[in-house]
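Peer 1: Protein chains in written order, with this note's numbering: chain H, 1 to 271; chain V, 1001 to 1259.
It should be emphasised that the hints constitute simulated quantities derived from the structure, not laboratory data.
Keep in mind that a hint or two might mislead.
Claimed, not checked - Example chain V residues on the side facing chain H (calculated, C-beta under 10 Å, incomplete):
| # | residue |
| --- | --- |
| 1 | GLU1031 |
| 2 | ALA1073 |
| 3 | ALA1079 |
| 4 | ALA1082 |
| 5 | LEU1088 |
| 6 | GLU1092 |
| 7 | GLY1096 |
| 8 | TRP1104 |
| 9 | LEU1107 |
| 10 | VAL1110 |
| 11 | ALA1112 |
| 12 | THR1127 |
| 13 | VAL1130 |
| 14 | ARG1158 |
| 15 | ALA1183 |
What the hints assert, rightly or not - According to the in silico footprint, chain H covers these stretches of chain V (three or more CB under 8 Å from chain H):
| # | region |
| --- | --- |
| 16 | 1061 to 1071 |
| 17 | 1134 to 1140 |
It should be emphasised that the depicted structure is a prediction, and the values quoted were computed from it without experimental measurement.
Ideal Cβ placement from N, Cα and C applies to all residues, glycine included.
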Amino acid sequence: VIRLCVYLAPVPGGMALVAPPEVVEQVRAVGYLLQRKPQAVRVAVLTPAEVGEEVWREHIGDFIRRLTVVAGLPVATSERRLSGRWVAVLATWGVLLLLAAGGNLMQVVGGLWLALFFPWLRRVYHGSLERWARRPLTGLALMVEAPAVELLVHPGLTRLQGLLETNDVSDAEANSRVADACTSLGLIWLEPVYRALSSRVLPPGVWAPIAWQSASRSSTGISNLASEAAPAAASEAATFGSTDPDVAGAPPVQADSGREGVEQRTSSAAI
Amino acid sequence: MLTTLPGREWERNWRKICNILVNAFVLPHPERPVGVVFWEPRRPRRAARGTATAPGDEKFAVYAPEPVSAAEAATLQAAYHASLGEALRLGERTAGASGVLLLWWVLGVVGAVLLTLRAVEWGIGMTWLVGVAMLFTLPLARFGGDRPFPGGRYSRARRLALHLDVLPEVAGDEPRLIERSRALWQVARRLRGSTRDQLSGLEAHCRENGWPAVARFYRDRLELLNREVLPARRRLVTWRPRFAGRSNLPYTMVEMGAR
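Bound-form chain H, shown alone:
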């Protein structure tokens, strides 16, 4: 059994299921693990307090599917390497060395390396790396099937919720204050999420706003972001080639797959 953690983070006006980019990378890495050794996945949803099942149950299946789709997208390789211009210069130098070799074997071999073998091997090697990076992560299918879900109360999130409740300020200001507190509460991955919310842009990673408590607060910003999130999810799904309406950003429906094996563990008992 492999474990994964996502956040049920408090936001002004409700809560949001959040998987910051680091968690998306973790899911991708777990995909390789599952590809090598298929096994069950248990998703721990870190919450600020005991949350009723009705709040998250119908969203979690859809959220995990979205998370899996985003994690399964191919990643561009960003490796430092000699640029094509320098390779062209070296290859030209190799041709000139060959032309002026005058029968010198060492110069012929060096020229051949620079003009022919070096550009060819470089292209073949980086091509194979890129092909490898584009391989579909079939192991992630196991995550979509029937992940067991458990709820765990995170003391840092509890403090964040307290901050949100006590602050009688605008949503942007509240998000900004919460973002400042994230680091010391051991939730540094959530900091960019709250910063994005305070700047009224879509947070990085995967997120799904749920459980709106009051119409007055949700109407001020987060709900607008939520409506903006749907087309983004649709484009992600389109890139992946999925035809699943859930994944394509349609309104959340009953997430049957997420219901199986759901285990609610809301105690914050310390070990």
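Given chain H's structure and the hints, the job is docking chain V onto it.
Peer 2: Just chain V now, with coordinates in the frame of chain H:
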């Protein structure tokens, strides 16, 4: 649902012989505490010949100055699992292109040596220029190359991934490790000065007290601090496997809340 794999039989037999005990530590750090899981599943006791150990002995032991919540321990364990996957990814990527890379190294070294020798006839300046230019044609790690073989880290990750499981998270109970952890925290609370000074102090303490893996962890943090290649947020926050140089013990690191 899950198919029986060839490795599962071996795994079952392995688990009969020894239990898995993964040790995780919440370690002091100048900015904030970090959780570190070393890739060294300890085997608490060996069963007598032919007898199986009790399955309840398998655990994920967390050594921390204060009790760690179940959520934080789950975060540690999730990071440990993911880092093994990341190591497998890197290893498999290397193994997939190892033939081409090996050919690149062999032909590159032959070409570089022969052309540099030829350049000796053109003078010392030209030799130096040609040598440097040819060095750039080799698949050095800095320029996007990789090692031709996956190495020991990959095989360690493969071995650990074989008996991966969600282990029950418990507070560590090994007296020696508790004592070491407590002493380290006492030293950390007394330390003053810059981040670099504090890290050096912690490293020196671990080295003097025979805890090379943690000493190496602090050395890595110091080296990273000296390089300053990453922005502050990424410098500390990572779950990717880190490889502890000479002590050769990979580890996973995640940031924790203030204590």
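Peer 1: Does each hint hold? Answer for all of them.
Peer 2: Hints versus structure:
Nearest Cβ of chain H to the Cβ of GLU1031/V: about 8 Å, under the 10 Å cut. The hint holds. For the restraint placing ALA1073/V at the interface with chain H, the shortest Cβ-Cβ distance is roughly 6 Å, inside the 10 Å limit, so the hint holds. Evaluation of the ALA1079/V hint against chain H yields a held restraint, the C-beta minimum of about 7 Å falling below 10 Å. At a threshold of 10 Å, the smallest CB-CB gap from ALA1082/V to chain H is about 4 Å, leaving the interface hint in force.
Taking 10 Å as the C-beta cut-off, the interface hint given for LEU1088/V holds, the closest approach to chain H being about 5 Å. Look at GLU1092/V: its Cβ gets to within about 7 Å of chain H, closer than 10 Å, so that hint holds up. With a cut of 10 Å, the hint placing GLY1096/V at the interface with chain H holds, because the nearest CB-to-CB distance is about 5 Å. Here the hint on TRP1104/V is kept, as its CB sits about 4 Å from the closest CB of chain H, short of 10 Å.
Using the Cβ-Cβ criterion of 10 Å, the hint placing LEU1107/V at the interface with chain H is satisfied: the shortest such distance is roughly 5 Å. Look at VAL1110/V: its Cβ gets to within about 7 Å of chain H, closer than 10 Å, so that hint holds up. With a cut of 10 Å, the hint placing ALA1112/V at the interface with chain H holds, because the nearest CB-to-CB distance is about 8 Å. Residue-level restraint check for THR1127/V is violated (minimum Cβ-Cβ distance to chain H is 12 Å; threshold 10 Å).
The beta carbon of VAL1130/V is positioned within 10 Å of a beta carbon in chain H (closest approach about 8 Å), and the interface hint is therefore held. At about 8 Å, the closest approach between the beta carbon of ARG1158/V and any beta carbon in chain H falls short of 10 Å, and the interface hint on this residue holds. Because the closest C-beta pair between ALA1183/V and chain H is about 22 Å apart, greater than 10 Å, the hint is violated. Under a criterion of three residues with beta carbons nearer than 8 Å to beta carbons of chain H, the stated coverage of the region 1061 to 1071 of chain V is upheld, 6 such residues being counted.
Counting residues of the region 1134 to 1140 of chain V whose CB falls under 8 Å from any CB of chain H gives 4; the rule of at least 3 is met.
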